[in-house]
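Novice: Residues per chain, in single letters:
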Amino acid sequence: MKMSKIEGVDMMDKGKVIKVEKHYSTLITPTGEFVNIKNKGTMYIGQNVIFTEYDIHTNKSKGIAFKTVAAVLALVILLNAYTKISEDNLAFAVVSLDINPSIELKINDEFNVLEIKALNEDGKEIIDKAYIGMEVSYVVENLVENAKQKKYLTENGDVLIATAILNGQEISVDDISDSIYNKVFKEDNKINVYMINSTKEDYEEADKKDISLGKYKVIQTTNADINIEQVKNQSVKQLKDNNILNKKEIVNKRVELEKIKKDKKDKKDKKDKEDKEKDKEDKSKEHRDKIKDKYKEVGKIEPKEKNKQDNKLSEKLKADIKNNDKNQKKRSDIREVSNINNKLEKDDKEQDYEENKKLKDDIKEVVEEKKEITNNKAQKYYKNNKTEKDNKNSNNKKHQ
Amino acid sequence: MWGKFTEPNKINTKAINAKDDELKRNQFITDYVPFILKTVSDQLKRYVETENSEEYSVGLIGFNEAIDKYEPSKGSFLSFAKLVIQSRIKDLLNKNKSLENVVYIENYDENIICNEDIELKMEIQDLENELSKFNISLDDLVINGPKHKDTREQCVLIGSTISKDKEIMDKIYEKFKIPITRIVVKYNQSKKTITRNKNFILTTSVIFYKNYEILLGWIKKPIVNNRVNDENEQNRRGGYDG
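Top to bottom, those sequences are chains A and B. In terms of numbering that gives the first Met the number 0, the first sequence is residues 0 to 399. In terms of numbering that gives the first Met the number 0, the second sequence is residues 0 to 241.
Only chain A is shown next, with the shape it has when bound in the complex (with noise of 0.2 angstroms):
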């Protein structure tokens, strides 16, 4: 239907599903050509399907297959050989985030990301290599949704953030994490971040043990001994459950100062707050106060005790109420009777169901009709075809 050769996906077509496999469907397209396309979902017969080339079902046979995938291996080896040495020239910092999946990201001088890594089997899930290329920013406020959505990441959860520069030393490792922390984490005041500077060699050790650096800092810092693979698959709660991460070294400052802040607004709130009650006290006793001295004047009662006369009143209105329980066991009642209605209508549609059956019975005989009618039009459509076609060409020879 559609050829562009562009770069992305290059075809797309239509077509009608006509036969339902294990693992692919049969197509027909507009064009009359026959197609096998993997499955998707629920495939059903007849089901109408936009495709595009990546959906395409080959199945070639495994030598060919063995030989393409080897030489490819062996390709891309070369290739990440390649890159490797050309990206760790390039990357100017670490960042790691552990929520429980735990993931590397490499970054160059303008904090676009690299290269991206999942260092266990929760982070495969969560990481995308489109990321590369990005922001650091945008890329852990992406990675941090993603691990909402996959429930990683519930409220009041934590997230451990380790950075270190590799190379270079005009920006400071706090430019970093003040980026990350200042559009990421703001905001949201549920989520405890715990943010931890670090160096390059710690870098190289953690990346030795196969373990993400914040994990690293946190089970250097503790100095116990500690399964190295136990904590690898942990998430930071429960790191914090274990007191392992409770240690007020690794708590970031920047964490801390944000507390003290915090404190003192709250201070200053309270303070306000205490100021305008006592105002209001103040105002209120006056006024008060003043009416009294007014009601003594003109020798009347209060409207505060004719309030106590009235409560009096209020008890008769209760047992009031209780007799109108009585009223709620008669709409019990009715209830009852419209429950039956529904019954009787329900039979009422079963009935309309067979009904239904009868037509059904009667619309597919006339489908049959209309079949046997369209058979004969495309008889006579063919013959109209062939003596058309017929007289062309008796007029192309007249012609010549």
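Straight-line distance between alpha carbons at most 20 angstroms, and here's what the computed SDA-like set of lysine to any residue pairs gives:
{"no.": "1", "chain 1": "A", "residue 1": "LYS15", "chain 2": "B", "residue 2": "ASN51"}
{"no.": "2", "chain 1": "A", "residue 1": "LYS376", "chain 2": "B", "residue 2": "ILE213"}
{"no.": "3", "chain 1": "A", "residue 1": "LYS295", "chain 2": "A", "residue 2": "GLU285"}
{"no.": "4", "chain 1": "B", "residue 1": "LYS68", "chain 2": "A", "residue 2": "ALA129"}
{"no.": "5", "chain 1": "A", "residue 1": "LYS39", "chain 2": "B", "residue 2": "LEU92"}
{"no.": "6", "chain 1": "B", "residue 1": "LYS73", "chain 2": "A", "residue 2": "ASN111"}
{"no.": "7", "chain 1": "A", "residue 1": "LYS382", "chain 2": "B", "residue 2": "LYS185"}
{"no.": "8", "chain 1": "A", "residue 1": "LYS123", "chain 2": "B", "residue 2": "ASP41"}
{"no.": "9", "chain 1": "A", "residue 1": "LYS376", "chain 2": "B", "residue 2": "SER162"}
{"no.": "10", "chain 1": "A", "residue 1": "LYS376", "chain 2": "B", "residue 2": "LYS163"}
{"no.": "11", "chain 1": "A", "residue 1": "LYS357", "chain 2": "B", "residue 2": "ILE117"}
{"no.": "12", "chain 1": "A", "residue 1": "LYS370", "chain 2": "B", "residue 2": "ASP125"}
{"no.": "13", "chain 1": "B", "residue 1": "LYS44", "chain 2": "A", "residue 2": "TYR53"}
{"no.": "14", "chain 1": "B", "residue 1": "LYS191", "chain 2": "B", "residue 2": "ILE167"}
{"no.": "15", "chain 1": "B", "residue 1": "LYS148", "chain 2": "A", "residue 2": "ILE55"}
{"no.": "16", "chain 1": "A", "residue 1": "LYS363", "chain 2": "B", "residue 2": "GLU118"}
{"no.": "17", "chain 1": "A", "residue 1": "LYS147", "chain 2": "A", "residue 2": "LYS182"}
{"no.": "18", "chain 1": "A", "residue 1": "LYS370", "chain 2": "B", "residue 2": "GLU118"}
To give an idea of the chain B side of the interface with chain A (calculated C-beta under 7 angstroms), a few residues:
{"no.": "19", "residue": "LEU36"}
{"no.": "20", "residue": "LYS44"}
{"no.": "21", "residue": "TYR46"}
{"no.": "22", "residue": "GLU48"}
{"no.": "23", "residue": "THR49"}
{"no.": "24", "residue": "LYS73"}
{"no.": "25", "residue": "LYS81"}
{"no.": "26", "residue": "LYS148"}
{"no.": "27", "residue": "ARG151"}
{"no.": "28", "residue": "ASN210"}
What the hints contain is simulated information worked out from the structure, not anything from laboratory work. All residues carry an ideal CB built from backbone N, CA and C; glycine is no exception.
Put chain B on the given structure of chain A with help from the hints.
Specialist: Same frame as chain A, but now just chain B:
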């Protein structure tokens, strides 16, 4: 593989150019419809059924939004657009979660809706039974079927003409083989096309012969289009003659 390293810059500049130019934007979007469809169906984990479906239009809107919001600092345009479309589709799915138990009026009486499906199923079963006599499976048609559009049309035409020829059809059902030389002599067709696409021609002739209505509708389409073109040509010729 190398395209991925060289092309993105072109796309990025295209996207930036499309930001303010209405015409360029429309062209850009229509060029990348297949890409949009792919990301949408990947996110949905099922195929998009028609072009008027809600998911499809949400994908288009997402792509348009991506053009509006794109800046070179956000990396390559395609991956950025992919993210935007994915998040729009997620929003849509979350929105529709509350409507999961609602049944549309169109789907209320499933029996009537499925009528065509049942007929299609019957037709395909019949066709498969018929083809098994010739030792042909549907997969053979996929692998060995004519890939080029013009040859396919020609094969369909041959199939339709054979199906009306009683002599040849009798022969076919007698030996369960296609009488190639007879067709070549009788209808002046090239031997090469018939020998190469004998399976496809056989199935089309069977479909015409047995008159499978729904399948015919799909196979006949190119011929009908052709016929319209021929008529137009004839009209033009008539005009010149007059």
